[in-house]
Amino acid sequence: MKEDLPQENDSLQPLMISEVLYYLNGERERIGHSKNQSHAEAFKKTVDYIEQFGKLKGKTLISDLKKTLKSYNLTDVEIAKIGSLLPQTVEELRVLIPSVNRLDEDILVRIVARLQHWA
Numbered sequence: 018m019k020e021d022l023p024q025e026n027d028s029l030q031p032l033m034i035s036e037v038l039y040y041l042n043g044e045r046e047r048i049g050h051s052k053n054q055s056h057a058e059a060f061k062k063t064v065d066y067i068e069q070f071g072k073l074k075g076k077t078l079i080s081d082l083k084k085t086l087k088s089y090n091l092t093d094v095e096i097a098k099i100g101s102l103l104p105q106t107v108e109e110l111r112v113l114i115p116s117v118n119r120l121d122e123d124i125l126v127r128i129v130a131r132l133q134h135w136a
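Residue numbers (the numbering used here): 18 to 136.
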């Protein structure tokens, strides 16, 4: 995963889909009134997508989920994927994020159980 990225990306932090909305909201006014209509339209479509598929609402909720997932020794990339996809079963978790197969079954069960709280 991270090894596939160019070295200059080492300092980048993966984000959950829901987190991206908070960054885009800071740019909404500037880009929304852009003279470049194609940029404004692409921005609006991106925000619409995130609002449709971003399942977590609220910075506190996102922060709490990240802390919880971090306690299971998941990588930042795994946390971002899990927080974006919110798998509902261990099988779904394993299929969507194969790197979690390194963890014991009981940990995966606990992760999925905790996700039910946020889904």
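Note that these hints are calculated values from the structure, not bench results.
Any given hint might turn out to be false.
[Stated by the list, open to error] Mimicking BS3-like on lysine-lysine, the simulated pairs with C-alpha atoms at most 25 Å apart in a straight line are: (1) K76 to K87; (2) K52 to K62; (3) K62 to K74; (4) K84 to K74; (5) K72 to K84; (6) K62 to K76; (7) K72 to K61; (8) K72 to K52; (9) K72 to K62; (10) K61 to K74; (11) K74 to K87; (12) K61 to K76; (13) K72 to K83.
[Unchecked claim] Derived CB-CB ranges, DEER-like: (14) K52 to K84: 20 to 30 Å; (15) V126 to R47: 42 to 52 Å; (16) E122 to L78: 19 to 29 Å; (17) Q133 to H56: 38 to 48 Å; (18) E108 to L78: 39 to 49 Å.
Quick reminder that beta carbons are idealized off the backbone N, C-alpha and C, glycines included.
If any of the earlier hints don't hold here, list their numbers in rising order. The structure conflicts with hints 8, 14, 18, although it agrees with all the remaining ones.
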